[in-house]
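Number of protein chains: 2
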Amino acid sequence: MGRWEPNGRGRLERAALELYQERGFEQTTVAEIAKRAGLTERTFFRHFADKREVLFWGAGALQELLVSTVARMPDSAAPIDAVAAALEVAGSLLQERREYSRKRQAVIAANPELHERELIKLASLGSAMAEVLRRRGVREPTASLTAEAGIAVFKVAFGSWVDETTSRDLPQLIRESLDELRSVTARR
Amino acid sequence: MGRWEPNGRGRLERAALELYQERGFEQTTVAEIAKRAGLTERTFFRHFADKREVLFWGAGALQELLVSTVARMPDSAAPIDAVAAALEVAGSLLQERREYSRKRQAVIAANPELHERELIKLASLGSAMAEVLRRRGVREPTASLTAEAGIAVFKVAFGSWVDETTSRDLPQLIRESLDELRSVTARR
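Those protein sequences? They're chains C and B, same order as listed.
Be aware that the first sequence starts at 33, since it is given in the numbering used here, and climbs by one per residue.
Be aware that the second sequence starts at 33, since it is given in the numbering used here, and climbs by one per residue.
Incorrect hints may have been included.
[Unchecked claim] Derived Cβ-Cβ restraints for the label pairs, each shown as a range:
1) R104(B) / F77(C): 53 to 59 Å
2) H147(B) / A93(C): 21 to 27 Å
3) E148(C) / W89(B): 15 to 21 Å
4) E208(C) / A63(B): 30 to 36 Å
5) G92(C) / W89(B): 30 to 36 Å
Honestly, the hints are just simulated from the structure, not real lab data.
Glycine included, each C-beta is placed from N, C-alpha and C at the ideal position.
Chain C with its partners taken away, still in its complex shape (with noise of 0.2 Å):
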């Protein structure tokens, strides 16, 4: 019975970003987010269970796609190239929605609470990459060490790709973080 919806999460997506960024996150309401994307608030809520979520349901799918694919690496794999493939493979996926994650940063970082939930969100994936090199039969502490330091190395590489204006894309700059890593954890 219900309308075709082409799309319908991401036009709530985009709809919900704008206005998140023309009046800012704690003004906007879900009625508004609708009525914008051209949709009712029911299917509003068939797809995302409150404003919020808009912004973190990606978080899920990601932390997924680091697990399996770390836990798909050959045996042979040291534990911090599994976890560098993992990020190398995530990176290539947000660099396709680059625009929209240097918006959805933005808004993040005008909202503390928002900013806390992305270092939640990133210390779940931290804990998640190490639970999977476990499984690995990779032992603690090497485990959340390597896990940890790919966090580090996703952070600051993540940090680069949103703010600055060079053309390097996501996967050139984790390549990049996890060598500066290395230098600079190399003994001299």
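Once you have looked at the hints, place chain B on chain C.
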């Protein structure tokens, strides 16, 4: 005019932690904490803004200690060594409060909101360390990567310290954790 209060803060802290363990953080009221400590609610609020702050007031002092230690390191110190030295100083201080730290961590682990707060405090530590490294002339992304690497090292060392039954102290675990990060990221 006020009564003589030997270490009111310490008594309140101890009373709060006991109650958080016995009843859970959510179920404990400020009135109960004050009563257990033999002090008034008014005295509680002279020391702490709310019952959550009892668990986190030390984070600000820890951050200042880390930042000032990094700032005082000789110019010749490599960034990662400056960060590691600061973490060991902080580790020595925490070592004196091991029993308290373990109990506190059990309370935090049992409450998702407190766990999130802890993650956010750790992220703030990372930002503050990156900032002091930049003031020492360390460029980006080296400053951020070094700081994030330091946080990864600290997080894993702290996790072992509050969890495990070994007799190794926190500064020792921090050194081992950094060595482990070095071998994890070493090119093979």
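Hints, verified against the model:
{"no.": "1", "hint": "R104(B) / F77(C): 53 to 59 Å", "result": "holds (55 Å)"}
{"no.": "2", "hint": "H147(B) / A93(C): 21 to 27 Å", "result": "holds (23 Å)"}
{"no.": "3", "hint": "E148(C) / W89(B): 15 to 21 Å", "result": "holds (19 Å)"}
{"no.": "4", "hint": "E208(C) / A63(B): 30 to 36 Å", "result": "violated (55 Å)"}
{"no.": "5", "hint": "G92(C) / W89(B): 30 to 36 Å", "result": "holds (34 Å)"}
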